[in-house]
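Here the protein sequences come in this chain order: A and B. With the numbering used here, the residue at position 81 of the first sequence is 81, and numbering never jumps. Adding 1000 to a residue's 1-based position in the second sequence gives its number in the numbering used here.
Derived by calculation from the structure, the hints in this document are not laboratory data. Predicted model only: the values in this text are computed from it and were never measured. Where hints are given, some of them may not hold.
[Stated by the list, open to error] The list that follows gives simulated cross-link-like pairs (lysine-lysine, DSSO-like), each with its CA atoms no further than 27 Å apart:
| no. | chain 1 | residue 1 | chain 2 | residue 2 |
| --- | --- | --- | --- | --- |
| 1 | A | K114 | B | K1142 |
| 2 | B | K1064 | A | K114 |
| 3 | B | K1269 | A | K121 |
| 4 | B | K1142 | A | K121 |
| 5 | B | K1054 | A | K202 |
| 6 | A | K44 | B | K1205 |
| 7 | B | K1068 | A | K44 |
| 8 | A | K33 | B | K1269 |
| 9 | A | K199 | B | K1142 |
| 10 | A | K121 | B | K1267 |
[Claimed, not checked] Far from chain A by the CB rule (all over 10 Å, computed), these chain B residues:
| no. | residue |
| --- | --- |
| 11 | N1059 |
| 12 | R1061 |
| 13 | Y1180 |
[As the list claims (entries may be wrong)] Distance ranges between label pairs, derived from CB positions:
| no. | chain 1 | residue 1 | chain 2 | residue 2 | range |
| --- | --- | --- | --- | --- | --- |
| 14 | B | A1062 | A | K44 | 55 to 63 Å |
| 15 | A | G159 | B | T1241 | 27 to 35 Å |
| 16 | A | E38 | B | A1272 | 27 to 35 Å |
| 17 | A | A128 | B | P1184 | 50 to 58 Å |
| 18 | B | T1255 | A | Q112 | 43 to 51 Å |
Glycine included, each C-beta is placed from N, C-alpha and C at the ideal position.
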Amino acid sequence: MKLFKKCTAVIAALMLCMGMAHAADEGPDSLIKRISQEVLESAKSDKDIQAGDQSKVLKLVEAKVLPYIDFQRMTELAAGRNWRAATPDQQQELVKQFKSLLIFTYSGALSQVKDQRLEYKPFRADPADTDVEVRSQVITPRAGQVIELNYRLAKSAAGWKIYDINVLGAWLIETYKGNFSAEISKSGIDGLIKTLTEKNAKLSLNYTKKS
Amino acid sequence: MKLPTPTSCAALLLLLCLGLVSGCTTVNSTVSTVKDRANRFAEQVDPFENVNRKTFEFNDRADKAVFKPVAQAYADTVPGFVQTGIGNFFGNLNDVWTGINSFLQGNVQDGFTDIMRVSVNSTFGFLGLLDIASEANMPKHKNDLGQTLGVWGVPNGPYVVIPFLGPSVTRDAIATYFDYYGDPWAYMRPVSVRNTGTFVRLVDKRAGYLGSFSLMQDAALDEYIFVRDAYLQRIAGQIETRKNYKQLRDEDEETQRQIDEDEAAAKAKVEAAAPKP
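Generate the whole structure from the sequences, applying the supplied hints.
Shown next, in the form of structure tokens:
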């Protein structure tokens, strides 16, 4: 009898694991659609956010979007060859500051959401691909203004993660490469970290006071 | 076993010395190579950087002093449907030149769509105030002579910042001058009406970019470099897309077909597996 109970417990546990594994098998395009929809709906329906409460936008981004972004990779890509020249402490600080900047920027974009909607272009990828691009468009009511919004995702052990975003035809991390290398050639990696820290301090002022 | 000859010894020693020396200089040269590469890129792409930066700062001051406040006031006070109407009206005029350029680039399908857009919107859309065509599955495009020249293979030329108009490249800056002649509004008379219309058109356009501008200012560490790099990426991507429009369109259609087939197959499976009443 005991053995039977043990067997059922094991089988139940296995089935639960398989169920969870299936959820983790979410494709990159479904992932983008899901989190975009969740985030947009929350931003549109939340009265405080619509009234301009930036701190709430920040919380929304941290809860719904953060887990799916690979900040480490984004920072490495933006730093380019300079990444190797940085010490582990500098690298850690760089990731931390760049992450803050990106979160502030994304939250800023989100707080401008009023009545836009998203359309997705056909997703082209092999099921075996580990590096894909998801293409979408933001449709605004303004004279058919269409904003191109694409994502680059890479498959890691923890699932699909975003490592670059394309807005209006420009990849964000590619664009930051120029900024990073200019700062570094001016004042070194520490100078870049300092500039990022100061910028974040300024931006955080927008997100701590409630309107 | 053969003993190493003096010549091969010397060669080995030389290699070793070279290796050591180059190893030493590699570390220093990596740092300076990064700087050099950055500088060389800037020199190739943006040889007028000094002048461009000054123009960029001038545009920024003019924008803060005049254009942004006016656009903000416009966005805040003018009713939404009026703003949309104004945008649609001038958008419709843009479609004429856009269509001509689509044809010039060899994109016949887009060209015909643009012609249809102008026809439909000008008639059923009350002279373009309503954008009916977009809802009737005729997507709006935006094209100009600079893009056409790019598709034809004319290189960008150096990056330039045009007073008031903002980032551009030499090829497009020259082309913008000729874009003017493709703009139906340029032929509007009396001149006072034309000028007022142009002013409203520019204000409306600026109002459309209020959000993205402030976002850029938040995101950028060095606004000048950020705008330059983003802009160059953007037009390069646009020209690439226009050059390969046929292939991309076919790929999209093929993918959509596959998606539809998969969905139909999945649906059929579900229905087949459902218990019969």
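Hint check:
no., hint, result
1, A:K114 with B:K1142, "holds, 24 Å"
2, B:K1064 with A:K114, "holds, 24 Å"
3, B:K1269 with A:K121, "holds, 26 Å"
4, B:K1142 with A:K121, "holds, 19 Å"
5, B:K1054 with A:K202, "holds, 25 Å"
6, A:K44 with B:K1205, "holds, 25 Å"
7, B:K1068 with A:K44, "holds, 26 Å"
8, A:K33 with B:K1269, "holds, 25 Å"
9, A:K199 with B:K1142, "violated, 35 Å"
10, A:K121 with B:K1267, "holds, 22 Å"
11, N1059, "holds, 19 Å"
12, R1061, "holds, 20 Å"
13, Y1180, "holds, 20 Å"
14, B:A1062 with A:K44: 55 to 63 Å, "violated, 35 Å"
15, A:G159 with B:T1241: 27 to 35 Å, "holds, 30 Å"
16, A:E38 with B:A1272: 27 to 35 Å, "holds, 33 Å"
17, A:A128 with B:P1184: 50 to 58 Å, "holds, 51 Å"
18, B:T1255 with A:Q112: 43 to 51 Å, "violated, 31 Å"
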